[in-house]
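**Q** Each chain is listed here by its residues.
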Amino acid sequence: MSDENKNNKLMFSVPLIIFFLLCIFLFKGLFSNPRELQTGRLGQEMPAFNLPDLMQENKTWSEKDLLGKVYLINVWGTWCTTCLVELPYLTKLRERGVEIIGLYLEQGYDPDFDSEFNIQALRNEVSHMLDRTGNPYQYNIFDLNRSLAFDLGVSGAPETFLVDSTGVILLHHTGDLNERTWRAKFAPKFTELKEVKL
Amino acid sequence: MKYFLFVLLMGVSTVILAVEESHSFANMQQAQLFKELSLELRCPKCQNQNIADSNAVVAKDLRDKVIELVKLNKSKDFIVDYMIDRYGYFVHYKPPVTASTLVLWVVPVLFVLFGFGSVIFRQKKSSTEQKWSVKDEAQLTKLITQYQNNSVQVKQESGQ
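Protein chains in written order, with our numbering: chain D, 1 to 198; chain S, 1 to 160.
Hints are all accurate, no fakes.
Incomplete in silico selection of chain D near chain S, CB under 10 Å: (1) N7; (2) M11; (3) T39; (4) G40; (5) R41; (6) Q44; (7) L105; (8) Q107; (9) G108; (10) D110; (11) N145; (12) A149; (13) F150; (14) V154; (15) S155; (16) G156.
FYI, nobody ran anything at the bench for these hints, they're computed from the structure. We put the beta carbon where it would ideally sit given N, CA and C, even for glycine.
Use the sequences and the hints to build the structure in full.
**A** Printed below as a string of structure tokens:
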């Protein structure tokens, strides 16, 4: 009798346990963000590139120019509304001593359709936008063909990478950077690297 | 019948995927490889669409890159790894077996094993319990004679 009782209890508790495990799994799913993508480049060095500056004629940047300092790479564009919201916060970060390099992601240009690109119109647009929000960038890398963006695993804007002084990519964040995400994700790593309190 | 068929057909969903672009590849193998890859690679921007199905800028960039690499005669594994290097495992619809994805393979198997196991276990248990013993046989004969006696008695009583 007690044996049967035991068996009954087991048969009853197994579905119950499965049910609770399922609950935990689904509950976790409620708070996971499917848009939170991580580049396959984490822990690796910055991909090699050679791209022009957005604002200055005849100036080009490569991955070697970025060595020796801790910095953020912020992917943005004037077409991106979330970037408009994010820019004032990034400007604040710059004032707090964070070096931010812009990677300007041009979305409209397609070499299959457009023959030439009006860089002057874009520069005007950029200056206009940064006048309104403040300019958080040391400088902007202009990625017309989205080649560096592709190598970094960028799927849209805004996205932000944290790169250390040896050129290794440590963090990747999709979506806007704000006080909350900065405190939770970037600040600990950044403080550790810079050994300063922000 | 017509209406029945109509209703039945309403329950059937059809998926049609159209790829607008046509590309000139050197041979059929390359064209086939591009087709395969564009169905198997996942757009990082529009969740749950492959790059053939999506018109997002990044999906087009991925398609263009696949075309470029296919034309360079790169193998399928090379191209998939190339994309995973940049966009992570998310970009491929066939996730590899790793520690974190192992559960996807193990759980269904365990589930089936547990199900069959419990069915077999229960059957065995009930078959051993219902063994027909000498004692049962004796009880049965006793009950039958008792019933027969009773019915004879009832008949006799009603006959009077």
